[in-house]
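Read top to bottom, the protein sequences are chains W and D.
Heads up, the first sequence is in the working numbering, so the first residue is 1 and it goes up one at a time.
Heads up, the second sequence is in the working numbering, so the first residue is 1 and it goes up one at a time.
No lab work stands behind these hints, which were simulated from the structure alone.
All of these numbers come straight from a predicted model, not from anything done at the bench.
All C-beta atoms, glycine included, are put in the ideal place defined by N, C-alpha and C.
Among the clues, some could well be false.
As the list claims (entries may be wrong) - A short, non-exhaustive set of chain W residues, derived as facing chain D with CB atoms under 8 Å:
#	residue
1	10
2	87
3	128
4	165
5	169
6	171
Unchecked claim - Derived lysine-lysine pairs resembling DSS-like cross-links, with alpha carbons at most 25 Å apart:
#	chain 1	residue 1	chain 2	residue 2
7	D	61	W	39
8	W	35	D	355
9	W	125	D	44
10	W	138	D	59
11	W	188	D	37
12	W	91	W	125
13	D	208	W	67
14	W	18	D	37
15	D	306	W	148
16	D	355	W	148
17	W	128	D	59
Said to hold, decoys possible - One-sided excerpt, in silico: chain D residues whose CB lies under 10 Å from chain W:
#	residue
18	12
19	45
20	49
21	204
22	340
23	377
24	379
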Amino acid sequence: MKKKYTDTEIIEAIRTGKSNNVLHYLYININPKIKAWIKQNNGSDDEAQDIFQDSVIAFYKFVSDNKFEYGKSVEGFLFTVAKNKWINRAKKMNQQTTYEAKHESNHYVANEYIDFKIKTEQEEKINKVLSQLGERCKELLTYSIFNKLSMEEISQKMGFSNADTAKTKNYKCKQRLIQLMNSHQEVKEFLYND
Amino acid sequence: MINDHLHNKIEDYLSGNLAVEEVHSFENEIHTNAELKSAVEAYKLANELIIDNQLLNIKNKLQNIHNSSKTKNKSRNYILWLPLLFLFICLSIYFFHNNEKKKTTLTEKNKSEKPVNYSKPNIIDKKSETSSIKTKESYEVSQNNLPVEERNTTPVESDTLPTYKINDISANKTTTNDTINNSTKSNNNNTGIEKHNSTKNQKSEEEKLKEEKCAGLAKITPSVIITKPCFGEANGSLVFRNNSEDNLYSIDGGKTYQTSPEFYNLKSIKHQLYIKSKIYGCVSNTHSGGSNINACDYIIYPSQNKYLEIDFISDYSYPSYLLKIYDARNGNEIYTETITEGQRFTWEGNDNNLKDLPMGNYVYSISNKNEILAQGNITIVR
Numbered sequence: 001m002k003k004k005y006t007d008t009e010i011i012e013a014i015r016t017g018k019s020n021n022v023l024h025y026l027y028i029n030i031n032p033k034i035k036a037w038i039k040q041n042n043g044s045d046d047e048a049q050d051i052f053q054d055s056v057i058a059f060y061k062f063v064s065d066n067k068f069e070y071g072k073s074v075e076g077f078l079f080t081v082a083k084n085k086w087i088n089r090a091k092k093m094n095q096q097t098t099y100e101a102k103h104e105s106n107h108y109v110a111n112e113y114i115d116f117k118i119k120t121e122q123e124e125k126i127n128k129v130l131s132q133l134g135e136r137c138k139e140l141l142t143y144s145i146f147n148k149l150s151m152e153e154i155s156q157k158m159g160f161s162n163a164d165t166a167k168t169k170n171y172k173c174k175q176r177l178i179q180l181m182n183s184h185q186e187v188k189e190f191l192y193n194d
Numbered sequence: 001m002i003n004d005h006l007h008n009k010i011e012d013y014l015s016g017n018l019a020v021e022e023v024h025s026f027e028n029e030i031h032t033n034a035e036l037k038s039a040v041e042a043y044k045l046a047n048e049l050i051i052d053n054q055l056l057n058i059k060n061k062l063q064n065i066h067n068s069s070k071t072k073n074k075s076r077n078y079i080l081w082l083p084l085l086f087l088f089i090c091l092s093i094y095f096f097h098n099n100e101k102k103k104t105t106l107t108e109k110n111k112s113e114k115p116v117n118y119s120k121p122n123i124i125d126k127k128s129e130t131s132s133i134k135t136k137e138s139y140e141v142s143q144n145n146l147p148v149e150e151r152n153t154t155p156v157e158s159d160t161l162p163t164y165k166i167n168d169i170s171a172n173k174t175t176t177n178d179t180i181n182n183s184t185k186s187n188n189n190n191t192g193i194e195k196h197n198s199t200k201n202q203k204s205e206e207e208k209l210k211e212e213k214c215a216g217l218a219k220i221t222p223s224v225i226i227t228k229p230c231f232g233e234a235n236g237s238l239v240f241r242n243n244s245e246d247n248l249y250s251i252d253g254g255k256t257y258q259t260s261p262e263f264y265n266l267k268s269i270k271h272q273l274y275i276k277s278k279i280y281g282c283v284s285n286t287h288s289g290g291s292n293i294n295a296c297d298y299i300i301y302p303s304q305n306k307y308l309e310i311d312f313i314s315d316y317s318y319p320s321y322l323l324k325i326y327d328a329r330n331g332n333e334i335y336t337e338t339i340t341e342g343q344r345f346t347w348e349g350n351d352n353n354l355k356d357l358p359m360g361n362y363v364y365s366i367s368n369k370n371e372i373l374a375q376g377n378i379t380i381v382r
């Protein structure tokens with residue numbers, strides 16, 4: 001594992017789906033700062049961990065959607081998201097706590113951050129559908145949908161002979177996933193409600 | 001089922017790759033065509049499912065990192081206390097013996113020094129006991145590599161070709177013929193052998209040579225010197241010990257033979273050995289061994305930016321691999337990472353919390369879900 005990542009390296013790693021090390025890196029380097037801030041503001045250890053996880057997920061989603069602007073500080077982004085999430089949560093809980101009036105100037109609108117709440121039984125349903133889809137299809141679709149890699153990049157990553165093979169497989173995997181979802185209507189329902 | 005063309009169009013639409021006018025016309029189509037509308041919805045949901053699943057993965061990974069760092073902190077506290085506990089035990093033993101020493105000095109003044117000698121070795125003994133246990137453990141880890149070599153070093157004796165008496169061979173032949181005849185024709189048994197023996201006596205010198213050679217080969221169990229390949233590389237080699245220009249060599253159970261007794265560029269060292277006579281075509285005994293487990297030792301120099309680098313490009317084409325690194329002294333797992341096929345793995349000699357590990361020996365293992373694919377030693381030099 002590399003010890004230091006530049007912001008560009010972090011974003012590139014997430015984009016290309018090699019982000020295990022990045023997660024460790026973020027956990028070790030950024031989590032303590034967020035945790036310290038949340039604890040200062042009457043949060044518990046568990047709440048801090050929760051907020052950190054949600055912020056990282058929002059960050060990944062941002063990068064995946066190509067919304068993250070190159071040149072922005074990753075740490076700054078995570079910190080801002082974490083603060084906003086904590087403030088929102090505190091508001092919901094009707095806590096009368098005072099926060100620093102000024103936050104760092106924030107280019108992102110607070111409600112743009114996804115609130116990622118999936119219940120355990122929903123997770124099980126997702127796993128059920130995807131286990132029927134198979135590992136390789138799941139991997140391919142993740143590369144194409146989440147990481148938005150080109151067919152060329154996917155064929156290199158997965159050892160296909162060329163981009164056309166990747167394209168055909170992508171088509172087949174997707175049709176298969178749609179079929180599986182048709183036979184598992186309950187998965188569709190909670191995705192609609194999101 | 002949606003056809004290929006429509007599939008591409010929906011994909012382009014959802015990923016924002018359509019031009020503005022195309023988007024408008026496609027959206028108009030969606031409004032008028034209910035079937036298309038439901039198809040696009042299905043695509044959207046499928047995408048959402050994959051994205052949610054990936055986000056779940058990330059969440060779970062973060063949770064795992066969190067949990068493992070929690071337990072590690074706990075065990076670290078425990079590790080801190082261990083030496084203190086050990087020190088306390090040592091001190092108490094020392095004082096206990098000192099007390100005994102005082103008692104003995106009171107009774108026997110001449111032997112006053114001896115109890116001191118007794119007490120010290122006692123402590124040293126305890127230390128050496130614990131350290132011997134530790135080395136045993138580390139041996140067990142490293143011995144996992146050994147059986148492959150052991151298997152190959154056992155049949156070494158066959159370096160020189162023994163000479164055989166022709167009579168012996170003919171005797172051997174008759175006995176083998178015996179068994180065949182017994183199973184097929186039991187009545188003509190005796191006459192059959194007599195006839196065979198009489199023809200054998202008339203055999204030419206060349207045939208005798210052939211029999212001699214083949215009988216010699218039949219008694220040989222091939223053995224090889226092995227260099228184990230590294231994971232992801234084709235740098236293994238196999239060299240037959242019993243080499244002669246008259247022979248051909250096979251490591252794949254006799255499917256293919258080559259004239260050279262040296263096999264290079266091997267990705268794994270699982271083998272079934274045969275030696276075949278070039279002229280007569282008869283073969284030796286077989287010997288199979290080796291394993292699919294690749295073993296390669298690495299030395300890394302983090303201060304000189306020389307790290308462990310393994311390319312996870314293999315014939316296995318498993319979707320992902322699990323790499324673990326253990327401390328060779330105590331077998332503690334100190335580093336874990338999941339690596340997908342096609343990735344280059346770099347390790348800079350740190351644990352999962354990015355803390356630098358001290359100079360010393362470490363053991364790695366690479367596995368898929370079911371089996372170990374590679375293991376060996378890593379030495380960190382600082």
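For each hint, the structure was consulted:
1. The interface hint given for residue 10 (chain W) is violated, since its Cβ lies 13 Å from the closest Cβ of chain D, which is over the 8 Å cut-off.
2. The restraint placing residue 87 (chain W) at the interface with chain D is violated, with a minimum CB-CB distance near 21 Å, outside the 8 Å limit.
3. With 8 Å as the threshold, the beta carbon of residue 128 (chain W) stays out of range of chain D, its nearest partner Cβ sitting at about 11 Å, so the hint is violated.
4. With a cut of 8 Å, the hint placing residue 165 (chain W) at the interface with chain D is violated, because the nearest CB-to-CB distance is about 14 Å.
5. A cut of 8 Å between beta carbons decides the hint on residue 169 (chain W): the least distance to chain D is about 12 Å, and the hint is violated.
6. Of the supplied interface hints, the one on residue 171 (chain W) holds, with its beta-carbon coming within about 5 Å of a beta-carbon of chain D, less than 8 Å.
7. Annotation: proposed proximity of residue 61 (chain D) to residue 39 (chain W) holds, straight-line Cα distance about 23 Å (limit 25 Å).
8. A C-alpha spacing of about 20 Å is found between residue 35 (chain W) and residue 355 (chain D), which places the hinted pair at or below 25 Å, so the restraint holds.
9. Distance check on the hinted pair: residue 125 (chain W) and residue 44 (chain D) sit about 18 Å apart at the alpha-carbon level, within 25 Å; holds.
10. A hinted pair counts as satisfied when its Cα atoms are at most 25 Å apart, and residue 138 (chain W) with residue 59 (chain D) qualifies at roughly 18 Å.
11. Using a Cα cut-off of 25 Å, the hinted pair residue 188 (chain W) and residue 37 (chain D) holds, with the two alpha carbons roughly 15 Å apart.
12. For a cut-off of 25 Å, the pair hint linking residue 91 (chain W) to residue 125 (chain W) is broken: about 32 Å separates their Cα positions.
13. A threshold of 25 Å between alpha carbons decides the hint, and for residue 208 (chain D) with residue 67 (chain W) the separation of about 85 Å lies outside it, so the pair is violated.
14. A threshold of 25 Å between alpha carbons decides the hint, and for residue 18 (chain W) with residue 37 (chain D) the separation of about 35 Å lies outside it, so the pair is violated.
15. Proposed proximity of residue 306 (chain D) and residue 148 (chain W) is contradicted: the alpha carbons are some 33 Å apart, above 25 Å.
16. Among the hinted pairs, residue 355 (chain D) with residue 148 (chain W) is inconsistent with the structure: their alpha-carbon atoms are about 34 Å apart, more than 25 Å.
17. Proximity of residue 128 (chain W) to residue 59 (chain D) is assessed by CA-CA distance (about 18 Å); at most 25 Å being required, the pair is judged to hold.
18. For residue 12 (chain D), the interface hint is violated, since its Cβ never comes within 10 Å of a Cβ in chain W; the closest pair sits about 13 Å apart.
19. Contact between residue 45 (chain D) and chain W, as hinted, is supported at the beta carbon level, the nearest pair being about 5 Å apart and thus within 10 Å.
20. Checking residue 49 (chain D) against chain W by beta carbon gives a least distance of about 6 Å; that is within 10 Å, so the hint holds.
21. Because the smallest distance between the Cβ of residue 204 (chain D) and any Cβ of chain W comes to about 58 Å, over 10 Å, the interface hint for this residue is violated.
22. Taking 10 Å as the C-beta cut-off, the interface hint given for residue 340 (chain D) holds, the closest approach to chain W being about 8 Å.
23. Annotation: interface hint on residue 377 (chain D) violated; nearest CB of chain W at approximately 20 Å, more than 10 Å.
24. Taking 10 Å as the C-beta contact cut-off toward chain W, the hint placing residue 379 (chain D) at the interface is violated, the least distance being around 19 Å.
In this structure, the hints that do not hold are numbers 1, 2, 3, 4, 5, 12, 13, 14, 15, 16, 18, 21, 23, 24, in rising order.
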